[in-house]
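Visitor: Sequence:
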Amino acid sequence: SHWNIPVISAGALAIAFRNKRSEYTQLTRIAPSYMKMAETFAVMFEHFAWKSALLLMEDDMTERDCYFTLEAVFHLMDDYTVKTYSFPPEEPLRTDEMFQDIHDTEDLFEGHHGSLC
203 SHWNIPVISA GALAIAFRNK RSEYTQLTRI APSYMKMAET FAVMFEHFAW KSALLLMEDD
263 MTERDCYFTL EAVFHLMDDY TVKTYSFPPE EPLRTDEMFQ DIHDTEDLFE GHHGSLC
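Under the numbering used here, the residue at position 92 of the sequence shown is numbered 294, and the numbers go up by one with no gaps.
Please keep in mind that the hints were generated in silico from the structure rather than gathered at the bench.
Just so you know, not all the hints are guaranteed correct.
Said to hold, decoys possible - Pairs of lysine to aspartate or glutamate residues, derived as DMTMM-like cross-links and limited to a Cα-Cα distance of at most 20 Å, are as follows:
| id | residue 1 | residue 2 |
| --- | --- | --- |
| 1 | K253 | E225 |
| 2 | K238 | E273 |
| 3 | K253 | E273 |
| 4 | K238 | D267 |
| 5 | K253 | E293 |
| 6 | K253 | D298 |
| 7 | K238 | D281 |
| 8 | K238 | D280 |
| 9 | K238 | E248 |
| 10 | K253 | E241 |
| 11 | K253 | D281 |
| 12 | K222 | E241 |
Stated by the list, open to error - What follows is a set of in silico ranges between Cβ atoms, one per label pair, in the way DEER data are often shown:
| id | residue 1 | residue 2 | range |
| --- | --- | --- | --- |
| 13 | E292 | K222 | 14 to 22 Å |
| 14 | V245 | E299 | 25 to 33 Å |
| 15 | E248 | V209 | 31 to 39 Å |
| 16 | D298 | V209 | 43 to 51 Å |
| 17 | R296 | E225 | 31 to 39 Å |
Note that the Cβ used here is the ideal one computed from N, Cα and C, for glycine as well.
Generate the whole structure from the sequences, applying the supplied hints.
Guide: Structure, rendered in structure tokens:
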């Protein structure tokens with residue numbers, strides 16, 4: 203609403219854009235948001251009675267699709283045990299610790315280069 207003109211966007215998927223009362227009053231999204239995708243995961247967790255998850259992501263710091271995707275999932279997972287790892291591509295992975303957590307965690311969602319696998 204900075205310019206007070208209507209905006210139709212296939213983007214604007216991040217959680218912040220759902221603030222329609224003050225900041226994004228003129229925004230209309232034509233694609234589902236990351237929050238809608240996260241709500242799908244919440245329904246899956248409820249349906250399968252899952253109680254924990256490990257969120258593993260690589261934050262490329264440019265597109266940030268992976269960050270925003272998992273941000274929405276993490277936001278809805280307050281009632282669950284969630285462990286997260288964020289690792290920059292230029293640093294070595296702490297694989298021993300991560301693999302132990304994966305072994306100890308029954309559900310894994312992996313975000314890699316902007317996709318959720």
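Visitor: A separate judgement is required for each hint: does it hold in the structure or not?
Guide: Here is how each hint holds up against the structure:
1. K253 x E225: violated (35 Å)
2. K238 x E273: Holds, at roughly 12 Å.
3. K253 x E273: holds (18 Å)
4. K238 x D267: Measuring from Cα to Cα gives roughly 15 Å; hence the hint holds.
5. K253 x E293: violated (31 Å)
6. K253 x D298: The hint is violated at about 23 Å.
7. K238 x D281: Holds. K238 to D281 sits at ~18 Å (cutoff 20 Å).
8. K238 x D280: Distance ~16 Å between K238 and D280 Cα, so the pair holds.
9. K238 x E248: holds (15 Å)
10. K253 x E241: Holds, because 15 Å separates the two Cα atoms, which is no more than 20 Å.
11. K253 x D281: holds (8 Å)
12. K222 x E241: holds (19 Å)
13. E292 x K222: 14 to 22 Å: At 38 Å between Cβs, range violated.
14. V245 x E299: 25 to 33 Å: At 30 Å between Cβs, range holds.
15. E248 x V209: 31 to 39 Å: At 34 Å between Cβs, range holds.
16. D298 x V209: 43 to 51 Å: Given a distance of about 47 Å, which is inside 43 to 51 Å, the answer is holds.
17. R296 x E225: 31 to 39 Å: For E225 against R296, whose Cβ atoms are near 38 Å apart, the range 31 to 39 Å holds.
Figure legend: structure checked against the earlier numbered hints; hints not met, in rising order: 1, 5, 6, 13.
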